[in-house]
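Asks: Read off the chains here:
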Amino acid sequence: MRRHRLVGSLLLATLALGACSADDRQLAQAFIQQWAIDHADEIAMHKLGLSDGNSYVDAAVDAADVVMNFQRAEDLMAKGRRNSDPKSMDAAMKLRPNDWTYELSRSHLALQLGDMDTYWGNWNRVGIDFPLGTPWQKVDRQSYSELLVVHKRLDTGPGSVSGYKSYAQCRALYDALAVSSGNLAGDQASTETRSWRQREADCDLLPH
Amino acid sequence: MAPEGTAPDPLRDPPAPTRKKKRGCFATGCLTIVGLLLIGTVLVGGLLLRVPQQLGILPSGASLLQGTPDRAAAAAILDQVAAAGVDTTGLSLYVFPVEGQDGTLAYAVLDTSAGFHFSSGTDANPLPDLFGKLAGGSTVDEARVEQVAIAYRDESGRTLGVLTASTDVIREFVAGEIDEEAFSEQLHGDVDLGAVLDAVNAP
Numbered sequence: 000m001r002r003h004r005l006v007g008s009l010l011l012a013t014l015a016l017g018a019c020s021a022d023d024r025q026l027a028q029a030f031i032q033q034w035a036i037d038h039a040d041e042i043a044m045h046k047l048g049l050s051d052g053n054s055y056v057d058a059a060v061d062a063a064d065v066v067m068n069f070q071r072a073e074d075l076m077a078k079g080r081r082n083s084d085p086k087s088m089d090a091a092m093k094l095r096p097n098d099w100t101y102e103l104s105r106s107h108l109a110l111q112l113g114d115m116d117t118y119w120g121n122w123n124r125v126g127i128d129f130p131l132g133t134p135w136q137k138v139d140r141q142s143y144s145e146l147l148v149v150h151k152r153l154d155t156g157p158g159s160v161s162g163y164k165s166y167a168q169c170r171a172l173y174d175a176l177a178v179s180s181g182n183l184a185g186d187q188a189s190t191e192t193r194s195w196r197q198r199e200a201d202c203d204l205l206p207h
Numbered sequence: 000m001a002p003e004g005t006a007p008d009p010l011r012d013p014p015a016p017t018r019k020k021k022r023g024c025f026a027t028g029c030l031t032i033v034g035l036l037l038i039g040t041v042l043v044g045g046l047l048l049r050v051p052q053q054l055g056i057l058p059s060g061a062s063l064l065q066g067t068p069d070r071a072a073a074a075a076i077l078d079q080v081a082a083a084g085v086d087t088t089g090l091s092l093y094v095f096p097v098e099g100q101d102g103t104l105a106y107a108v109l110d111t112s113a114g115f116h117f118s119s120g121t122d123a124n125p126l127p128d129l130f131g132k133l134a135g136g137s138t139v140d141e142a143r144v145e146q147v148a149i150a151y152r153d154e155s156g157r158t159l160g161v162l163t164a165s166t167d168v169i170r171e172f173v174a175g176e177i178d179e180e181a182f183s184e185q186l187h188g189d190v191d192l193g194a195v196l197d198a199v200n201a202p
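Top to bottom, those sequences are chains A and B.
Each residue of the first sequence is one higher than the last, beginning at 0 in numbering that gives the first Met the number 0.
Each residue of the second sequence is one higher than the last, beginning at 0 in numbering that gives the first Met the number 0.
In case anyone wonders, no lab produced these hints; they're calculated from the structure.
Predicted model only: the values in this text are computed from it and were never measured.
Using N, Cα and C, we set each Cβ at its ideal position, and we do this for glycine too.
Please note that a few of the clues may not be correct.
[Claimed, not checked] If you want the ones that stay clear, here's a sample from chain B, every Cβ over 10 angstroms from chain A, calculated:
#	residue
1	Gly23
2	Leu36
3	Thr40
4	Thr87
5	Gly136
6	Gly175
[Unchecked claim] Between beta-carbon pairs, the in silico distance windows are:
#	chain 1	residue 1	chain 2	residue 2	range
7	B	Gly156	A	Pro206	54 to 60 angstroms
8	B	Gly156	A	Arg140	40 to 46 angstroms
9	A	Asp51	B	Gly34	43 to 49 angstroms
10	B	Leu37	A	Asp64	49 to 55 angstroms
11	A	Asp89	B	Leu30	34 to 40 angstroms
12	A	Asn123	B	Ile177	48 to 54 angstroms
13	B	Ser155	A	Ala90	25 to 31 angstroms
14	B	Ala83	A	Ala188	48 to 54 angstroms
15	B	Gly102	A	Ala90	29 to 35 angstroms
16	A	Arg140	B	Leu37	47 to 53 angstroms
17	B	Glu98	A	Arg71	19 to 25 angstroms
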């Protein structure tokens, strides 16, 4: 270890001499280099896929591919949300199955497109994949903001339901808006919730 | 021996037995050594290629990160880091639940190729300093961050390595209870030394 430190110090000195102004970036790189020299045995262990039993460390060391995959999925999902593109969303979900945020977005896009089977299918998946012990409000927060976007795209004004493909689509949207807003307000009889329920009644104008 | 001019009688004159060529100890030893080396190479190669992890014989760290990342927590921590004076250009942060654990992993990517640069503004080494900023504050507690990792990418986007420490250790360092050397001792991670040397020697 002492020898490693000496080698590291010499490298640091070389670095400092080589670059007259050792900036923060060089200091950081030198820190990483020094750490690598001091922990060559640990690096070798990780390269061989051997673990010391600390799952946080194992997860951190192996996270690079997960992060890259996640970023790719996020880009696809963002494209899907922006362009109402189910193909991009499905591709993202293939990369990250069981991500409840994706399932929620996909369900809302299906609702917007009037594909009720896909809507309910993904909505049910959210219930399965949402982690236990996590506040459900997270779902409501994402849900409400996405539902407002869907409403904006379909709504043709109070008393009009011409933007909806079916009675089921209309009812499902206003019901979801009412429930989410009520959950967020902590009151299912809040002003906002009641106004959505009133709009829900307009759906009766559609054949059912 | 048959008289000269007559054909040899194989019954009376059996051919002199040819000595069966035996494999010497040296050759056997060589073969054993070569065989062992071959087995060793296959084993090491298999481990390096992560075959046991792919076959599910050994657990892989990546399999512990299949849960949905907490995007809101990541954004809140990033805001907090920015408020602490860090330029967050090229800095991405992910908060992952870790399977089988109550806490989460905050994984930061410092991508120099995407414009990241350290802005510590102090004499302290910027990397441990950034660990401190990522592990401090109430947002970190709210997101139940137990471990912080920093992956560092150079100007070409190549990952030099990832270093990680528990929030407890980082906070001990920030509080001055342990010095930089002791902090470095308690870091874990994986580094591509070749890439680091390339980056250090780059003009």
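Asks: Confirm or reject each hint.
Replies: The hints, checked one at a time:
| no. | hint | result |
| --- | --- | --- |
| 1 | Gly23 | 36 angstroms, holds |
| 2 | Leu36 | 17 angstroms, holds |
| 3 | Thr40 | 13 angstroms, holds |
| 4 | Thr87 | 15 angstroms, holds |
| 5 | Gly136 | 19 angstroms, holds |
| 6 | Gly175 | 18 angstroms, holds |
| 7 | B/Gly156 with A/Pro206: 54 to 60 angstroms | 57 angstroms, holds |
| 8 | B/Gly156 with A/Arg140: 40 to 46 angstroms | 34 angstroms, violated |
| 9 | A/Asp51 with B/Gly34: 43 to 49 angstroms | 32 angstroms, violated |
| 10 | B/Leu37 with A/Asp64: 49 to 55 angstroms | 30 angstroms, violated |
| 11 | A/Asp89 with B/Leu30: 34 to 40 angstroms | 56 angstroms, violated |
| 12 | A/Asn123 with B/Ile177: 48 to 54 angstroms | 50 angstroms, holds |
| 13 | B/Ser155 with A/Ala90: 25 to 31 angstroms | 28 angstroms, holds |
| 14 | B/Ala83 with A/Ala188: 48 to 54 angstroms | 43 angstroms, violated |
| 15 | B/Gly102 with A/Ala90: 29 to 35 angstroms | 31 angstroms, holds |
| 16 | A/Arg140 with B/Leu37: 47 to 53 angstroms | 58 angstroms, violated |
| 17 | B/Glu98 with A/Arg71: 19 to 25 angstroms | 21 angstroms, holds |
When the structure is compared with the earlier hints, violations turn up for hints 8, 9, 10, 11, 14, 16 and for no others.
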